[in-house]
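Asker: Using the hints provided, position chain G relative to the given structure of chain P.
Protein chains: 2
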Amino acid sequence: MTELQNIDLAITGAHILTIDQDMTEYKPGSVYIVGNRIIWIGPDDEQPGNFLIKERIDASGKILMPVFFNGHNHAAMSFLRGLGNDLSLDKWLNDFIWPAEKVMINPETVYLGTMLSVIEMVRSGSGIFSDMYFFEDQVARVCEEVGIRGIIGEAIFDFPSPSMATPQETMEFTRQLKQRFLGHSLVNVSVAVHAPYTCSPDLIRQAGELAEELDLSANIHLAETQTEIETISGLYGKTPVQHLYDLGFLSVRTVAHHSVYLSPDDRQLIKETGTSVVTLPNSNMKLGSGACAVGELIKLDINVALGTDGPASNNHQSLLREVQQLARLERVVNYDPTCISARELIRMATINGAKAYRMDKDLGSLETGKKADFQIINPDQPHWYPRYDPYNSIAYAMQSNDVESVVIDGKVVMRNRELINIDEKRLSRELKKKAGILF
Amino acid sequence: MTELQNIDLAITGAHILTIDQDMTEYKPGSVYIVGNRIIWIGPDDEQPGNFLIKERIDASGKILMPVFFNGHNHAAMSFLRGLGNDLSLDKWLNDFIWPAEKVMINPETVYLGTMLSVIEMVRSGSGIFSDMYFFEDQVARVCEEVGIRGIIGEAIFDFPSPSMATPQETMEFTRQLKQRFLGHSLVNVSVAVHAPYTCSPDLIRQAGELAEELDLSANIHLAETQTEIETISGLYGKTPVQHLYDLGFLSVRTVAHHSVYLSPDDRQLIKETGTSVVTLPNSNMKLGSGACAVGELIKLDINVALGTDGPASNNHQSLLREVQQLARLERVVNYDPTCISARELIRMATINGAKAYRMDKDLGSLETGKKADFQIINPDQPHWYPRYDPYNSIAYAMQSNDVESVVIDGKVVMRNRELINIDEKRLSRELKKKAGILF
Numbered sequence: 415m416t417e418l419q420n421i422d423l424a425i426t427g428a429h430i431l432t433i434d435q436d437m438t439e440y441k442p443g444s445v446y447i448v449g450n451r452i453i454w455i456g457p458d459d460e461q462p463g464n465f466l467i468k469e470r471i472d473a474s475g476k477i478l479m480p481v482f483f484n485g486h487n488h489a490a491m492s493f494l495r496g497l498g499n500d501l502s503l504d505k506w507l508n509d510f511i512w513p514a515e516k517v518m519i520n521p522e523t524v525y526l527g528t529m530l531s532v533i534e535m536v537r538s539g540s541g542i543f544s545d546m547y548f549f550e551d552q553v554a555r556v557c558e559e560v561g562i563r564g565i566i567g568e569a570i571f572d573f574p575s576p577s578m579a580t581p582q583e584t585m586e587f588t589r590q591l592k593q594r595f596l597g598h599s600l601v602n603v604s605v606a607v608h609a610p611y612t613c614s615p616d617l618i619r620q621a622g623e624l625a626e627e628l629d630l631s632a633n634i635h636l637a638e639t640q641t642e643i644e645t646i647s648g649l650y651g652k653t654p655v656q657h658l659y660d661l662g663f664l665s666v667r668t669v670a671h672h673s674v675y676l677s678p679d680d681r682q683l684i685k686e687t688g689t690s691v692v693t694l695p696n697s698n699m700k701l702g703s704g705a706c707a708v709g710e711l712i713k714l715d716i717n718v719a720l721g722t723d724g725p726a727s728n729n730h731q732s733l734l735r736e737v738q739q740l741a742r743l744e745r746v747v748n749y750d751p752t753c754i755s756a757r758e759l760i761r762m763a764t765i766n767g768a769k770a771y772r773m774d775k776d777l778g779s780l781e782t783g784k785k786a787d788f789q790i791i792n793p794d795q796p797h798w799y800p801r802y803d804p805y806n807s808i809a810y811a812m813q814s815n816d817v818e819s820v821v822i823d824g825k826v827v828m829r830n831r832e833l834i835n836i837d838e839k840r841l842s843r844e845l846k847k848k849a850g851i852l853f
Numbered sequence: 415m416t417e418l419q420n421i422d423l424a425i426t427g428a429h430i431l432t433i434d435q436d437m438t439e440y441k442p443g444s445v446y447i448v449g450n451r452i453i454w455i456g457p458d459d460e461q462p463g464n465f466l467i468k469e470r471i472d473a474s475g476k477i478l479m480p481v482f483f484n485g486h487n488h489a490a491m492s493f494l495r496g497l498g499n500d501l502s503l504d505k506w507l508n509d510f511i512w513p514a515e516k517v518m519i520n521p522e523t524v525y526l527g528t529m530l531s532v533i534e535m536v537r538s539g540s541g542i543f544s545d546m547y548f549f550e551d552q553v554a555r556v557c558e559e560v561g562i563r564g565i566i567g568e569a570i571f572d573f574p575s576p577s578m579a580t581p582q583e584t585m586e587f588t589r590q591l592k593q594r595f596l597g598h599s600l601v602n603v604s605v606a607v608h609a610p611y612t613c614s615p616d617l618i619r620q621a622g623e624l625a626e627e628l629d630l631s632a633n634i635h636l637a638e639t640q641t642e643i644e645t646i647s648g649l650y651g652k653t654p655v656q657h658l659y660d661l662g663f664l665s666v667r668t669v670a671h672h673s674v675y676l677s678p679d680d681r682q683l684i685k686e687t688g689t690s691v692v693t694l695p696n697s698n699m700k701l702g703s704g705a706c707a708v709g710e711l712i713k714l715d716i717n718v719a720l721g722t723d724g725p726a727s728n729n730h731q732s733l734l735r736e737v738q739q740l741a742r743l744e745r746v747v748n749y750d751p752t753c754i755s756a757r758e759l760i761r762m763a764t765i766n767g768a769k770a771y772r773m774d775k776d777l778g779s780l781e782t783g784k785k786a787d788f789q790i791i792n793p794d795q796p797h798w799y800p801r802y803d804p805y806n807s808i809a810y811a812m813q814s815n816d817v818e819s820v821v822i823d824g825k826v827v828m829r830n831r832e833l834i835n836i837d838e839k840r841l842s843r844e845l846k847k848k849a850g851i852l853f
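Protein chains in written order, with my numbering: chain P, 415 to 853; chain G, 415 to 853.
Just to be clear, a hint being listed does not mean it is correct.
For chains that are exact copies, the list does not tell them apart, and a pair is met inside one copy or across any two.
[As the list claims (entries may be wrong)] In silico DSS-like pairs for lysine-lysine, Cα to Cα no more than 27 Å straight-line:
1. 652 to 847
2. 685 to 848
3. 769 to 825
4. 848 to 652
5. 441 to 848
6. 775 to 592
7. 713 to 505
8. 839 to 441
9. 441 to 846
10. 775 to 685
11. 505 to 847
12. 713 to 775
13. 468 to 839
14. 847 to 441
15. 839 to 685
16. 769 to 592
Derived by calculation from the structure, the hints in this document are not laboratory data.
As the structure is a computational prediction, the values presented were derived from the model and not from experiment.
With the rest of the complex left out, here is chain P (with noise of 0.2 Å):
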């Protein structure tokens, strides 16, 4: 370290939770960041003295952890969000959704769409999401105006899309965001394949290799229902997991959604290839679908993140709901209140969807060298007391509201719940403008 180095920003008198690999705690500790890295992290009465600090914020009592990963989301549809509730999954799907998206996706609809997910995220803490749907260059520029991180995926499936005429058309248009956004600071780029009951086994070939030959991450909803297995087993005599290890879509570079349905021999492919799964507790449980066996997977060492998947079908955005809801629906599920600890959530909420996507070496802990991507909580309310365990309080007791400013690539993004980077109140008359048309 030089004399004197200029530092951007420090954040002292947190008590900080690092997620990293043997879960340290500073108490009070602090971060300094240059640029967008995290230059230095520990214990405040370590603190290096030889710095010039542009700007401190004091975050005494607070905690003070990693951004949540967002590991699965249709962020736009919150357009759609709770139209025609309470129906069966055909019927909300062909009644509802299917017409209504076809009248109203384009690209301010995504645009808007995605903006309202994007502050309901940032405003629980998230730092990250996944993405997968159409006009995806609209869902970037959201990403890019409010200061959050994105992976962005194109919908590819057999049919046209309200944005592509051809799967073709978007494997084409995944190469070309990739080049568009090659070394971006916000936005990477996935090859987002929607389903096996949607995707012939050809495109799904096709779009792995795609995945392997631009170094991206594939993503695709799988085992979500079992209407899928019958499906899927009706046309290749397999399941959807074997059907896909067949076809050399799953690796490392996988991500798995949903994966409700899983055979044992599906798990030891999951585990063999290295594929990640995503889970949805709130829109498995809300849609009827089931509930994945995480405790399975944790036992075979799969890596298990988290997601909302999209609002219409959750209905919310914060990810700190699913931390509690799989906290709850595994030990219903199980009988049994020990087979999953708040530790564990914690690291699938954030360590565990920077690893599914390949970014664990930059996100999802707070470490020397690794981006400076961090939320501040506020615990000082009646909720939070006692704080026996912080960790317990998180999955348990927080609200999404309690998070207070938001740090993401180094970057203040929300302040004392005030996002920076947009205007909540013009965006809100927008809305009620575009209300008569769209809503």
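Answerer: Structure of chain G alone, referenced to chain P:
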């Protein structure tokens, strides 16, 4: 109506969800209050003009609905929240909760613990809760200080309690409480029988008779776990429900908490006797107990209300989160997204609680002549857009902190997130001082 009648409080401009029999809405609507009662409610443009209004709250753009009714709690247990989690129920109770209670329970901790929970309840829209614990006069003291309604029940079981030497003493204390709070504006009393496995048949019979004699509600933990079913079957050769039925304990004055393990015959007995059920989904999930088959109860037209349970087994105090949890749990248990509607859920959280405790003449819905107990919610936030249906937004997307103001018994208890009668900052300082001793 007389000319120029004085109105103590008028709320205007709100989107009112009355939760009356017809689920009437006024959009925008007004509520006029004299003393602790609603003397007029209706659409804004039909407001009568012959009134002198002392205080007016403009609730334009807000949602106004009844407060939530928390049907079962051990509020003081907030001081045990987060103590020894991720453990089996046995280990948790034997190694943590019971030893801690032995040392920690006294009038002061009950007061402080209840205060914490009550603040959290008010801040998330609850205006009344039914409590079962020890030193319940301290719970009443909190209700008076904060301005919330409480139904207080000193826990009855065979062995000595932290506050009472014998169950007879507890029943005598219940008798005294009933006298002391006769006609009290906020505090009601119940006969709080702990459970079939902690009370002898004789004690249960006596407690039931006491409730009848004093015309009080009787509430009891019933059929909460598989272990309870086995214990009671081993002791008496029948289900806990049949056991209580044979003891004459089940009636329209009885409220059964949990009721996770019910046989079809049990349900018929509950139906036949007019017993109400309080379901506590988050507690049942966190403790790995199981899922109450709420849909089966509703089919039989049994009155089902909602509760949080104590903060140690939940770990929060927001009834809204129980609404949102049950919405999801019921769907995933039944693999069916159509099994329960948002409207039903919100009735369970309001009017059904009032019915369970036979208070629906005064509470649970907003109608002329009923008591003025309501919450004002701010939906002008990203996670509320779009708003196709307010019930749906509440049941899935709303956050506890969206409750802006709470009126109980005609008095503003929270205004713009500030509790009127409590100095939260002072309380927080007191808690920190006690932290060394208590936590």
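Asker: Does each hint hold? Answer for all of them.
Answerer: Going down the list of hints, with the structure as the test:
{"no.": "1", "hint": "652 to 847", "verdict": "neither (50 Å within a copy, 63 Å between copies)"}
{"no.": "2", "hint": "685 to 848", "verdict": "neither (47 Å within a copy, 49 Å between copies)"}
{"no.": "3", "hint": "769 to 825", "verdict": "within (23 Å within a copy, 53 Å between copies)"}
{"no.": "4", "hint": "848 to 652", "verdict": "neither (47 Å within a copy, 61 Å between copies)"}
{"no.": "5", "hint": "441 to 848", "verdict": "between (48 Å within a copy, 20 Å between copies)"}
{"no.": "6", "hint": "775 to 592", "verdict": "within (20 Å within a copy, 64 Å between copies)"}
{"no.": "7", "hint": "713 to 505", "verdict": "between (37 Å within a copy, 23 Å between copies)"}
{"no.": "8", "hint": "839 to 441", "verdict": "between (37 Å within a copy, 23 Å between copies)"}
{"no.": "9", "hint": "441 to 846", "verdict": "between (45 Å within a copy, 16 Å between copies)"}
{"no.": "10", "hint": "775 to 685", "verdict": "within (21 Å within a copy, 59 Å between copies)"}
{"no.": "11", "hint": "505 to 847", "verdict": "neither (30 Å within a copy, 57 Å between copies)"}
{"no.": "12", "hint": "713 to 775", "verdict": "within (24 Å within a copy, 54 Å between copies)"}
{"no.": "13", "hint": "468 to 839", "verdict": "neither (30 Å within a copy, 32 Å between copies)"}
{"no.": "14", "hint": "847 to 441", "verdict": "between (48 Å within a copy, 19 Å between copies)"}
{"no.": "15", "hint": "839 to 685", "verdict": "neither (47 Å within a copy, 51 Å between copies)"}
{"no.": "16", "hint": "769 to 592", "verdict": "within (20 Å within a copy, 60 Å between copies)"}
Violated hints, in rising order: 1, 2, 4, 11, 13 and 15; the structure is consistent with all others.
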